[in-house]
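Trainee: Sequence:
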Amino acid sequence: MTAVITLIATTTIFASAYYRILTFNGDINDANRIRDLTATMTAQTEQLNKTVAALQSAEGSSDLYAVYFNSMPQYGSYTPIATPPFQNVRQIYWSSSYNKLVSSNGNQTFIWYGNVWLPVTNDTNGKVTGTNMSVSDAMNLLKQNYYTDHLTNIGRNGATTPGATVPVDFQSQTYYVTLSNVHWDTNANTLVAIAVWRNPIPASVKYEMTPYSGKWVTNF
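My numbering numbers the first residue of the sequence shown as 30 and each following residue consecutively.
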């Protein structure tokens with residue numbers, strides 16, 4: 030016996046629900062398999078919800094919480110920079126409005142939040158693209174840790190802002206230099222720049238991740 034089987038799936042993104050109705054022909058065996066799979070998925074979802082609830086209730090204060098989150102692929106308590114959507118000079122800079130690193134080509138703008146580049150309507154006081162959610166509300170939901178050390182002085186022109194310097198580590202010493210030509214290097218998988226020469230600093234520097242921070246170092 031063949032029957033028409035109808036499935037309705039719901040997806041919720043930023044409080045907006047989307048419904049997909051799938052209809053196809055199948056027999057009673059197909060219907061039973063779908064029923065069994067649905068029951069299994071429901072049970073797994075319920076268990077996952079219980080696990081998440083337990084972690085949330087114990088946030089920051091239990092061994093379970095510490096072990097679980099320390100098992101995540103991350104650098105200490107920080108998440109490394111993901112590859113930005115726009116990588117050239119003048120396309121990566123610090124936004125004082127969002128207090129975040131921005132990747133923009135002038136038409137599209139993304140802000141960096143941990144391992145997420147969040148699309149926003151503009152680079153000053155915008156909303157998350159495609160929603161009515163403010164950037165600050167979205168960040169509160171994401172709750173990512175992120176690097177800020179020595180990135181706040183990167184201006185829109187791909188250089189340090191006038192009068193600002195950044196520390197660069199070289200041979201166990203720290204030198205304060207200005208940067209230009211800040212961009213993303215796909216080979217180094219990080220930000221790179223040219224340091225205005227102050228002997229003995231080599232010209233090329235890169236932004237290096239450390240377990241609990243980030244710093245500019247020489248790029249050999």
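Calculated from the structure, these hints are not laboratory results.
Yeah, the Cβ is synthetic: ideal placement off N, Cα and C, and Gly gets one too.
Don't take each hint at face value.
Unchecked claim - List time: in silico DSBU-like cross-link candidates among lysine-lysine, alpha-carbon distance up to 35 Å: (1) Lys156 with Lys244; (2) Lys156 with Lys79; (3) Lys235 with Lys156.
Claimed, not checked - Here are the simulated distance ranges between beta carbons: (4) Met162 with Gln200: 18 to 26 Å; (5) Pro148 with Asn218: 28 to 36 Å; (6) Ala232 with Val145: 30 to 38 Å; (7) Thr150 with Ala217: 25 to 33 Å; (8) Asn136 with Lys79: 40 to 48 Å; (9) Gly159 with Gln200: 47 to 55 Å; (10) Asn117 with Thr74: 19 to 27 Å; (11) Ser242 with Leu66: 44 to 52 Å; (12) Gln76 with Arg185: 32 to 40 Å.
Trainee: Against each hint, give a clear statement of whether it holds in the structure.
Mentor: Evaluated hints:
no. : hint                           : verdict
1   : Lys156 with Lys244             : holds, 30 Å
2   : Lys156 with Lys79              : holds, 32 Å
3   : Lys235 with Lys156             : holds, 31 Å
4   : Met162 with Gln200: 18 to 26 Å : violated, 47 Å
5   : Pro148 with Asn218: 28 to 36 Å : violated, 22 Å
6   : Ala232 with Val145: 30 to 38 Å : holds, 32 Å
7   : Thr150 with Ala217: 25 to 33 Å : holds, 31 Å
8   : Asn136 with Lys79: 40 to 48 Å  : holds, 44 Å
9   : Gly159 with Gln200: 47 to 55 Å : holds, 48 Å
10  : Asn117 with Thr74: 19 to 27 Å  : violated, 43 Å
11  : Ser242 with Leu66: 44 to 52 Å  : holds, 46 Å
12  : Gln76 with Arg185: 32 to 40 Å  : violated, 48 Å
Hints 4, 5, 10 and 12, counting from the list given before, are not met by this structure.
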